[in-house]
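Protein chains: 2
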Amino acid sequence: MNVQKPGIPKGTRDFGPEEMAKRNYIFDTIKKTFELFGYQQLETPAMENLATLTGKYGDEGDQLLFKVLNSGDFLKNIDQQDWIGGSGQVLPRISEKGLRYDLTVPFARYVVMHRNEITFPFKRFQMQPVWRADRPQKGRYREFYQCDADVVGTDSLVCEAEILMMIKKVFADFGLKDYTAKINNRKILTGISEVIGAQGKEGELCVAIDKLDKIGWEKVKEELASKGFSSGAISRLEPVVETQTADNAFLFDFFRSFLAGNDIGLQGLAELEEVFALFGQLGGEEENIQFDPVLARGLSYYTGAIFEVKVHGISIGSISGGGRYDNLTGVFGLPDVSGVGFSFGVDRIYDVLEALQLFPEQSRAQTKVMVAYFGEKEKLEGLRVLGALRKAGISSEIYPELTKIKKQFNYADKKNIPYVIVIGSEEMEKEVLTLKSMKEGKQETLGLEKAIALLQ
Amino acid sequence: MNVQKPGIPKGTRDFGPEEMAKRNYIFDTIKKTFELFGYQQLETPAMENLATLTGKYGDEGDQLLFKVLNSGDFLKNIDQQDWIGGSGQVLPRISEKGLRYDLTVPFARYVVMHRNEITFPFKRFQMQPVWRADRPQKGRYREFYQCDADVVGTDSLVCEAEILMMIKKVFADFGLKDYTAKINNRKILTGISEVIGAQGKEGELCVAIDKLDKIGWEKVKEELASKGFSSGAISRLEPVVETQTADNAFLFDFFRSFLAGNDIGLQGLAELEEVFALFGQLGGEEENIQFDPVLARGLSYYTGAIFEVKVHGISIGSISGGGRYDNLTGVFGLPDVSGVGFSFGVDRIYDVLEALQLFPEQSRAQTKVMVAYFGEKEKLEGLRVLGALRKAGISSEIYPELTKIKKQFNYADKKNIPYVIVIGSEEMEKEVLTLKSMKEGKQETLGLEKAIALLQ
Chain A
1 MNVQKPGIPK GTRDFGPEEM AKRNYIFDTI KKTFELFGYQ QLETPAMENL
51 ATLTGKYGDE GDQLLFKVLN SGDFLKNIDQ QDWIGGSGQV LPRISEKGLR
101 YDLTVPFARY VVMHRNEITF PFKRFQMQPV WRADRPQKGR YREFYQCDAD
151 VVGTDSLVCE AEILMMIKKV FADFGLKDYT AKINNRKILT GISEVIGAQG
201 KEGELCVAID KLDKIGWEKV KEELASKGFS SGAISRLEPV VETQTADNAF
251 LFDFFRSFLA GNDIGLQGLA ELEEVFALFG QLGGEEENIQ FDPVLARGLS
301 YYTGAIFEVK VHGISIGSIS GGGRYDNLTG VFGLPDVSGV GFSFGVDRIY
351 DVLEALQLFP EQSRAQTKVM VAYFGEKEKL EGLRVLGALR KAGISSEIYP
401 ELTKIKKQFN YADKKNIPYV IVIGSEEMEK EVLTLKSMKE GKQETLGLEK
451 AIALLQ
Chain B
1 MNVQKPGIPK GTRDFGPEEM AKRNYIFDTI KKTFELFGYQ QLETPAMENL
51 ATLTGKYGDE GDQLLFKVLN SGDFLKNIDQ QDWIGGSGQV LPRISEKGLR
101 YDLTVPFARY VVMHRNEITF PFKRFQMQPV WRADRPQKGR YREFYQCDAD
151 VVGTDSLVCE AEILMMIKKV FADFGLKDYT AKINNRKILT GISEVIGAQG
201 KEGELCVAID KLDKIGWEKV KEELASKGFS SGAISRLEPV VETQTADNAF
251 LFDFFRSFLA GNDIGLQGLA ELEEVFALFG QLGGEEENIQ FDPVLARGLS
301 YYTGAIFEVK VHGISIGSIS GGGRYDNLTG VFGLPDVSGV GFSFGVDRIY
351 DVLEALQLFP EQSRAQTKVM VAYFGEKEKL EGLRVLGALR KAGISSEIYP
401 ELTKIKKQFN YADKKNIPYV IVIGSEEMEK EVLTLKSMKE GKQETLGLEK
451 AIALLQ
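Residue numbers (this note's numbering), protein chains in the order written: chain A, 1 to 456; chain B, 1 to 456.
It is possible that part of the hints are untrue.
A pair holds if it fits inside one copy or across any two, identical chains being indistinguishable in the list.
Here are the simulated lysine-lysine pairs, DSS-like style, with alpha carbons at most 27 Å apart [as the list claims (entries may be wrong)]:
1. K310 to K391
2. K414 to K31
3. K32 to K414
4. K201 to K430
5. K177 to K31
Just so you know, these hints were derived from the structure itself, not from any lab.
Here the structure is a predicted model, which is why all the values come from computation and not from measurement.
Could you build the full structure based on these sequences and the hints that come with them?
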């Protein structure tokens, strides 16, 4: 047999025990909040029909889909003519399936397929990997998890208020304090662009303003001018730019007058005020929540609220985002399904919690106690102790082969096991155990029942 | 935009909220036991290099691997000559990656890649989907989860005893009583075939005996004869067949004399007796555990213990299995890594728990209470109540839009939500709530704090 030097595809990762424990802490924390708010879990297959995926993510997205080769003799439907036509012509004949690119399109597909069984409004969450044939780089992978919650089948703004509540709960559970959850409304952006006389240009407008901190207002003005904004539009925009550090109450006042007479802008503002009111009614506190009138993302599909969360003091971009859409399922034949969704970026949250040392100690080791022993007779006694520990629900293990006590302790140490029970001939004679705390180094001699009570 | 009728690839499944709740109950139950025994979780990428996967599962397995098309212009390395050579010649030039076919090969690949960081003995569990281009049929899918636990880097029989303990714990947690966990040892099979004079034919021998219940001893003898077993071998085998319903103690006695003089067979028997002794020392009780001297599976890789679990009273085949292997990682350049592993069949366990109605009620609904209301004013009060419920950790929701109370109740009913809090004008005036139990139909009027205490 040839010996192979093993590797994994670029842009993919193995998650070993310590990373898994931390990742599970993140997933469990988010899931607990989703469930507290009545969201139900959905899982869809890794492979979707290419017909479901293609055309949903733009031309670039189509390129980045991983395609799965048809089984069997995949060339059987190809003739020389196809082959001369190149990859584009051959592809549809040799591949019918692709790997999930995000969780939104499979969700839309699911909603349409199951519309007659689903109880609307449908609150679903989904935590599954997605695959993109992107060029791998630091922080960008070809396989990564998404963690989405969406409510569809209602346009009630209660849902937006609940999303703000969920963000606050998740970040509080993580012990993350220095963050801003920004909220805006697509209609306000439309209103601003109409009021300054640059209708339909809200995208370019926001891209330019986003650079304000880095390059200053003079350079932003230059960029806007180069994008075809008139000098009148730019000067009419100036008061908006000056609100950048204002608080929510000021901003609502400001935009009531700035958008006066612009129906769509005022509607967006009213929706946003309603979201804040409902959020307050749910017991939400505005700390960390910021109305950002130039927050823009997903302008091609979001039609109402837009969300984004940034953590301060760490350079990592946004770690969560979402918004309201009007037409999730139209492409699959079910028009007018409105919904609002939100996604937590698991990989970035991982990096943030790691950088800020916010992973709790107990997320690192799951075995609470290891049983160590000096000889074969002590090993048998150790197994008896082990059986009792597990019966009491205490996660525990034993080094399976008789070996030097130092090697056994080394094993416990490397696995971050906080306690070791030592069984020697003296302990057996006296029918006691030695329980050692690996962290503090101190040990005590006691009976099995007492040890179990202590470890529980 | 064209409207598409959506579907999913054949052999794949969506898991909606109710199925997910039940599946999570299965995963959580198994995971809890794995962790209680000190196993740590591992996750590997869905895609592996084809070089890692190919040649590991036999020719049929190679055919059943899902291959992923290279990104970009996948035909660029193909010339006419390749194309004429057919699929076999084209494949390696257009595809370098495949989907995971099982969890064992990726685990072996992981162990070799990370051998310098891993603390041996390495106890890992893994719960991830695998993909096989099998012809889909009832109970056989192209995407399904495996749920594996393995210990590698030790040949201590403590590991086998722990696997028996884990099986008993998991099945007890599921409330499954009528099952048999069978255990055998590969070396006993070798010994039997040597003793009867049919060396190397243990596979055919076991396949034939496996049909004993269905076709009777006469027909089994015919099959054995047709497979080239001599009449002497068959008659020497007869006493083994007659032990089929014997208990463990009898079997150990019987095989001590049957295998007398056969070193390998006696070694297997001694190992098995040791496993039972260690199992007893761990507090294990032999009920449901059966030494089955003709249990055979994985004969091409198992070298010691062989496990299999069958549930009685339901026609579903084995729902779990495993065994000890000597050479997990040799193909990746790391020889002599012994280990023992065990796999729970999630889909079959699901079917069994469903058929026997063993899913606990609470695995079906996660929202504990819904807040219903009669008008806009009551909705605001409802949001306040909802905020308080969630703050107290009670999973709860509100129908987001004002609608008929009947529709709100219908929503709670369909989602299996066990309690509804009703807020009407009378309740608001008296500062109370009506708490209704959906199951028993009875309701009471009480204050918010008392309702929270009751729901907790």
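### Task
Please write out, lowest number first, the hints stated earlier that are contradicted by the structure.
Number 4 - this is the single hint that the structure violates.
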